[in-house]
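*Asks:* Single-letter residue listing:
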Amino acid sequence: MTDLNSLRGQVAIAGAATFGCGVVPGYTDMELLVGAAQRAVADAGLTMQDIDGLCTASVTATMWPMVVVEHLGIRPTFIDGTMLGGSSFIAHLLPAMQALMSGQCNAVLVCYGSAQRSATFNRRDIVASRKLLDPQPYEHPYEPMLPPSAYALAANRHMHEFGTERRQLAEVAVAARQWAQRNPTAFERGPLSIDDVLNARMVSDPLTVRDCCLVTDGGGAYVLVRGDRARDLRQPPVYVLGNATACWNRQISSMADLTVTAAQESGARAFAMAGLTPADVDVVELYDAFTINTLLFLEDLGFCAKGEGGAFVEGGAIAPGGRLPVNTNGGGLSWGHPGMYGIFALIEAVEQLRGQCGERQVSGAQVALAHGNGGTLSSQSTAILGTAATL
Amino acid sequence: MSEMQSGVQQAWQARLDAGEFVIQRCGGCQQHVFYPRGLCPHCGADQLAFVTPAGSGTVYATTVVRRKAELGGDYNVVLVDLDEGVRLMSRVEGVAPDAVAIGLRVQARVAREQDRGLLLFDPL
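From first to last, the protein sequence lines stand for chains Y and V. Residues in the first sequence are numbered consecutively from 1, following full-length UniProt numbering. Residues in the second sequence are numbered consecutively from 1, following full-length UniProt numbering.
No lab work stands behind these hints, which were simulated from the structure alone. These numbers come from a predicted model, not from an experiment. Every residue, glycine too, gets a C-beta built ideally from N, C-alpha and C. Possibly wrong hints are sitting among the right ones.
To give an idea of the chain Y side of the interface with chain V (calculated C-beta under 7 Å), a few residues [what the hints assert, rightly or not]:
| # | residue |
| --- | --- |
| 1 | Pro135 |
| 2 | Glu139 |
| 3 | His140 |
| 4 | Tyr142 |
| 5 | Leu146 |
| 6 | Arg157 |
| 7 | Leu258 |
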């Protein structure tokens with residue numbers, strides 16, 4: 001029997017890549033996934049024939065892993081198709097680590113693709129069909145604009161309980177934009193002020209369109225191998241020091257406290273596995289589907305006390321040059337958001353720890369946190385990653 | 001037993017369609033439960049029975065969904081905490097959508113929309 005702490009640092013991310021991020025008409029979800037998968041495997045210095053473990057999930061296709069097996073031409077001995085929304089591809093880490101360390105497989109590919117912006121069957125159609133395929137009979141009759149209205153309710157409650165201001169939410173969007181301006185792959189890089197966010201079109205009070213993530217296409221993938229093997233591959237290994245997943249509810253109306261997410265549990269367990277605390281983290285990548293997410297996760301993951309997220313981000317504190325680098329690629333708010341963003345947060349963390357981020361590189365980053373959120377503040381998965389120096 | 005006649009979701013909706021709003025109460029731990037389901041989320045017992053709540057509650061969180069006027073205009077979505085201690089999603093009517101605020105006391109009312117019962121709230 002191995003305990004979780006013994007898994008710390010035993011597995012490394014050896015390859016990571018994105019493909020077709022932004023607007024790519026004419027591609028399917030699968031084609032974007034395959035493009036990212038091919039690049040991630042090549043990035044690791046491996047071939048697709050080396051892959052014998054697969055983790056993947058789709059917004060629409062329930063039997064997605066089987067289709068991915070066909071397209072990649074692989075015969076995996078480990079398959080995880082757990083679908084927890086946007087946190088899935090961070091939640092896939094721990095089961096993959098256990099499969100690698102038990103010898104069930106030797107190289108796991110985690111992969112995702114979405115053409116939600118450009119596809120004929122686009123995000124609007126997906127939302128409509130979900131009412132039939134995944135009914136929420138006690139919420140849908142009131143026509144909440146999901147997901148924004150769910151996060152708007154959480155923001156409304158946070159403002160009520162803690163005095164959080166819309167300007168503080170806007171700080172999150174402005175910081176993300178300032179990081180995006182240093183990232184040539186970001187989708188939105190134009191100027192953005194706090195007033196721009198406040199004066200943008202209101203979607204679901206108190207969130208304007210600039211408090212909401214982008215809708216883009218894109219694929220992302222990464223490759224996991226045991227640490228001893230990773231040392232001999234192409235890229236500097238990025239070790240998985242801790243990972244944990246928590247889910248307390250599906251529907252926003254079933255959430256016990258709209259200001260406390262299951263990230264409080266996933267973060268505590270991930271930090272315990274890693275033997276680290278928030279003070280040890282050099283760079284933070286959070287799933288910022290909406291500006292309120294960043295405040296909630298900074299609080300629940302322990303970077304500040306509950307209720308102090310708004311004050312924590314003021315004055316450019318999470319922007320370039322601030323006290324804590326958060327969402328250094330520009331996040332879902334400004335880099336891009338292909339449906340389920342978690343994998344892209346993780347890939348940015350990997351690139352930061354490799355020191356490959358150019359103008360947006362956080363100098364000397366050794367420990368990174370990547371956090372995924374799924375559903376409507378429903379599932380939460382936290383990963384703590386580190387360079388070889390952290391082992 | 002009613003469980004042989006329909007599942008709990010259909011049974012709940014049938015009562016709502018008939019103008020009656022019910023929630024569940026657990027025969028094991030005596031706590032109230034919403035939405036209707038098969039097992040008590042507090043104690044795991046399968047002794048959930050429909051009871052009639054007072055229908056009074058307090059707005060826990062609120063938002064206004066912004067919609068173009070030609071499509072019907074803005075509308076309100078709330079989470080209400082019933083006095084029995086359960087939370088549910090609904091809409092507050094009889095007041096402007098953006099005049100609904102956390103802490104507002106509200107009273108349940110069964111309306112009809114699209115030939116179905118629909119639980120709504122009015123300010124108390």
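*Asks:* Look at each hint and say if it fits the structure.
*Replies:* Now the hints, each set against the structure:
1. Pro135: violated, 9 Å
2. Glu139: Constraint on Y:Glu139 satisfied, holds at 5 Å.
3. His140: Y:His140 check fails; min Cβ-Cβ to chain V is 9 Å, beyond 7 Å.
4. Tyr142: Holds, about 5 Å.
5. Leu146: violated, 10 Å
6. Arg157: Holds, about 4 Å.
7. Leu258: Constraint on Y:Leu258 satisfied, holds at 6 Å.
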